[in-house]
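When we follow the UniProt record's numbering, the leftmost residue of the sequence shown carries the number 1, and every step to the right adds one.
None of these hints come from the bench; they were simulated from the model.
Even for Gly, the Cβ is constructed at its ideal location relative to N, Cα and C.
Keep in mind that a hint or two might mislead.
The calculated EDC-like cross-link candidates involving lysine to aspartate or glutamate, where the alpha carbons are at most 16 angstroms apart (straight line), are [said to hold, decoys possible]: (1) Lys-380 / Asp-359; (2) Lys-252 / Asp-280; (3) Lys-513 / Asp-500.
Restraint ranges, calculated between C-beta atoms of paired labels, are given here [claimed, not checked]: (4) Thr-51 / Met-287: 25 to 35 angstroms; (5) His-298 / Thr-51: 29 to 39 angstroms; (6) Asn-305 / Asn-249: 25 to 35 angstroms; (7) Gly-303 / Asp-88: 26 to 36 angstroms; (8) Asp-322 / Gly-302: 30 to 40 angstroms; (9) Glu-435 / Ala-126: 45 to 55 angstroms; (10) Leu-231 / Lys-252: 21 to 31 angstroms; (11) Val-205 / Leu-231: 21 to 31 angstroms; (12) Val-307 / Arg-113: 28 to 38 angstroms.
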Amino acid sequence: QPHSVAFSTFPKLCNRGICLVPEHFVSPKGALCGGAFVGPRCQDPNPCLSTPCKNAGTCHVVDRGGVADYACSCPLGFSGPLCLTPLDNACLTNPCRNGGTCDLLTLTEYKCRCPPGWSGKSCQQADPCASNPCANGGQCLPFEASYICHCPPSFHGPTCRQDVNECGQNPGLCRHGGTCHNEVGSYRCVCRATHTGPNCERPYVPCSPSPCQNGGTCRPTGDVTHECACLPGFTGQNCEENIDDCPGNNCKNGGACVDGVNTYNCRCPPEWTGQYCTEDVDECQLMPNACQNGGTCHNTHGGYNCVCVNGWTGEDCSENIDDCASAACFHGATCHDRVASFYCECPHGRTGLLCHLNDACISNPCNEGSNCDTNPVNGKAICTCPSGYTGPACSQDVDECSLGANPCEHAGKCINTLGSFECQCLQGYTGPRCEIDVNECVSNPCQNDATCLDQIGEFQCICMPGLVMGVPGAATPDSSCARPSRGPGYTGMHCEVDIDECDPDPCHYGSCKDGVATFTCLCRPGYTGHHCETNINECSSQPCRHGGTCQDRDNAYLCFCLKGTTGGRPGVWQVGGRWVGWARELTATCHPFRTQLRDQPGRLCQQPL
Numbered sequence: 001q002p003h004s005v006a007f008s009t010f011p012k013l014c015n016r017g018i019c020l021v022p023e024h025f026v027s028p029k030g031a032l033c034g035g036a037f038v039g040p041r042c043q044d045p046n047p048c049l050s051t052p053c054k055n056a057g058t059c060h061v062v063d064r065g066g067v068a069d070y071a072c073s074c075p076l077g078f079s080g081p082l083c084l085t086p087l088d089n090a091c092l093t094n095p096c097r098n099g100g101t102c103d104l105l106t107l108t109e110y111k112c113r114c115p116p117g118w119s120g121k122s123c124q125q126a127d128p129c130a131s132n133p134c135a136n137g138g139q140c141l142p143f144e145a146s147y148i149c150h151c152p153p154s155f156h157g158p159t160c161r162q163d164v165n166e167c168g169q170n171p172g173l174c175r176h177g178g179t180c181h182n183e184v185g186s187y188r189c190v191c192r193a194t195h196t197g198p199n200c201e202r203p204y205v206p207c208s209p210s211p212c213q214n215g216g217t218c219r220p221t222g223d224v225t226h227e228c229a230c231l232p233g234f235t236g237q238n239c240e241e242n243i244d245d246c247p248g249n250n251c252k253n254g255g256a257c258v259d260g261v262n263t264y265n266c267r268c269p270p271e272w273t274g275q276y277c278t279e280d281v282d283e284c285q286l287m288p289n290a291c292q293n294g295g296t297c298h299n300t301h302g303g304y305n306c307v308c309v310n311g312w313t314g315e316d317c318s319e320n321i322d323d324c325a326s327a328a329c330f331h332g333a334t335c336h337d338r339v340a341s342f343y344c345e346c347p348h349g350r351t352g353l354l355c356h357l358n359d360a361c362i363s364n365p366c367n368e369g370s371n372c373d374t375n376p377v378n379g380k381a382i383c384t385c386p387s388g389y390t391g392p393a394c395s396q397d398v399d400e401c402s403l404g405a406n407p408c409e410h411a412g413k414c415i416n417t418l419g420s421f422e423c424q425c426l427q428g429y430t431g432p433r434c435e436i437d438v439n440e441c442v443s444n445p446c447q448n449d450a451t452c453l454d455q456i457g458e459f460q461c462i463c464m465p466g467l468v469m470g471v472p473g474a475a476t477p478d479s480s481c482a483r484p485s486r487g488p489g490y491t492g493m494h495c496e497v498d499i500d501e502c503d504p505d506p507c508h509y510g511s512c513k514d515g516v517a518t519f520t521c522l523c524r525p526g527y528t529g530h531h532c533e534t535n536i537n538e539c540s541s542q543p544c545r546h547g548g549t550c551q552d553r554d555n556a557y558l559c560f561c562l563k564g565t566t567g568g569r570p571g572v573w574q575v576g577g578r579w580v581g582w583a584r585e586l587t588a589t590c591h592p593f594r595t596q597l598r599d600q601p602g603r604l605c606q607q608p609l
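Between the sequences and the hints, there should be enough to build the whole structure, so can you do that?
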């Protein structure tokens, strides 16, 4: 018979756990420890608090000769004491694409959990229906790169979001004077007092339709009253309540009772089946992968056992046996456990499968820059030579210049060097293989805005032409109207020499002043034009008056006055009965004189009074 238990707290005895003392015992019998301690008296620290099991392994506290220790139950795909050793499985190659998560079913089978928007075995197929674009119960059908929504009768539109107005489509839905009210996804008829039904199609009669639920029978008791006769298992005014049949159920082996209609069912744990959970389940048949890594499953009453293949252990053969416990690695090598085997990590100077051979690479038998590998069977050195060397120890130089075609481009000369070669390039080329054409224009050798033309090994400067006003032989007296034309401006290899446009002298009656790509003529008095080629006609303004005749001169004019007139200033005289005046200031005119020349020398050729 169960006995009552008294609970007391002994902080010193149970490390603040709860000590359980049965009534008929004087000394403590057991304890309920907190999470930090384990043991009969909570005397040992909990070894699982440090979470030693990695990769989602489960830590279990075990007793090893009175000492609290732990053991790890590793998930599928990992093994070892701490679940650190990955097993060769289908998820190692990352088969799930587009952010999918790989879940192992067995070591060789997997299932991808795809993110929203992707589907398929490897999440490789875009799912246009992943966002559930069809509303109100519409069915999404993928179509090419998009989708089509198949809407229920009460909705329409591209995404089934538009409500169908049944009252507008069919005004006669509600019969016998009923009023139709449209609702989202449906409609509702408000019937007159004389009729009932979804569409007001039936006269109102008590029990027609029957308000009794769950198969109850309705009986009218008046014009507007009724009563319901319920089926077994139901109760209430309208038989709406289900009677709970679970009290006193016969579910065994931890089965849970689920109420039904006038009956009940037993929901069994995984190990049991049958009406009352009394029949054993054959887990080996229901779970083909109950035993992992090739283990054989044997069914037992209320459970199953696994017989593991070599290299595996544990309840489901998921734990890799530590083969390093009996390993034979030599000379201080480090053993790494594998599935039914082990690997020896050799110290410096040792090699071989068991680190039992001397490492031949310790003596550096390979030339500098080479890679030395040791043969794991015989321990001899294997030299891998870099480019430019050959031979067992990579000590022989390779003459690249004698191997086939010339490695130097554009007729460059190949010169062999130790481990490599050099190219002696012709003028105009550079680069390790003379493959680059030297651009002599990079330094901008051409001056005065000249254009540099790059050539092989040299350059050419195309000088900018200058501007000259007018064209020789086409000058006009009005030089301001002459248009400039292209002419020489600079010369020389770098266009650094300014061309002297004054050589030969282009100015006819003036002096030439050289400029940059041009020149300027400084004309003598009495001449004009871009080249000083035009003599100014001082007679054009008709300076000689009273019938005097004007004769043009260099920077002057000559008036031949009629008899009886004079020039009116010194330097005027009479020739052949007429007065002649020489006017350098271009102001002499002929006008009547008043006195004789000898009387007034300053007023010549004036007409007498």
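Check: Straight-line Cα separation of Lys-380 and Asp-359 no greater than 16 angstroms?
Finding: holds, 8 angstroms
Review point. Does the Cβ-Cβ separation between Val-205 and Leu-231 fall within 21 to 31 angstroms?
Key: About 23 angstroms separates the Cβ atoms of Val-205 and Leu-231, which means 21 to 31 angstroms holds.
**Report entry** Range hint compliance [Cβ, His-298 to Thr-51, 29 to 39 angstroms]
**Finding:** 34 angstroms Cβ-Cβ, so the 29 to 39 angstroms window holds.
**Asked** Is 26 to 36 angstroms right for how far apart the beta carbons of Gly-303 and Asp-88 are?
**Response** holds, 30 angstroms
Next item on the list: Starting from the range 21 to 31 angstroms, see whether the pair Leu-231 and Lys-252 falls in it by beta-carbon distance.
Entry: holds, 29 angstroms
Within 16 angstroms, alpha carbon to alpha carbon, are Lys-252 and Asp-280? This hinted pair holds, its Cα atoms lying about 12 angstroms apart.
* Asked: Using the C-beta atoms of Thr-51 and Met-287, is the stated range 25 to 35 angstroms upheld?
  -> holds, 29 angstroms
Holds or violated: Lys-513 with Asp-500, Cα cutoff 16 angstroms?
Measuring from Cα to Cα gives roughly 9 angstroms; hence the hint holds.
For this session: Note whether the CB distance of Val-307 and Arg-113 lies within 28 to 38 angstroms or breaks it.
Result: holds, 33 angstroms
Practice problem: Could you say whether the range 25 to 35 angstroms given as a hint is met by the Cβ separation of Asn-305 and Asn-249? | Solution: holds, 32 angstroms
Worksheet item: For the pair Asp-322 and Gly-302, does the Cβ-Cβ distance stay inside 30 to 40 angstroms?
Response: holds, 31 angstroms
- Task: Just tell me: holds or violated, for the beta carbon distance of Glu-435 and Ala-126 against 45 to 55 angstroms?
- Result: Taking Cβ atoms as reference, Glu-435 and Ala-126 lie about 47 angstroms apart, which means the hint holds.
The structure fails none of the hints (numbered hints given earlier).
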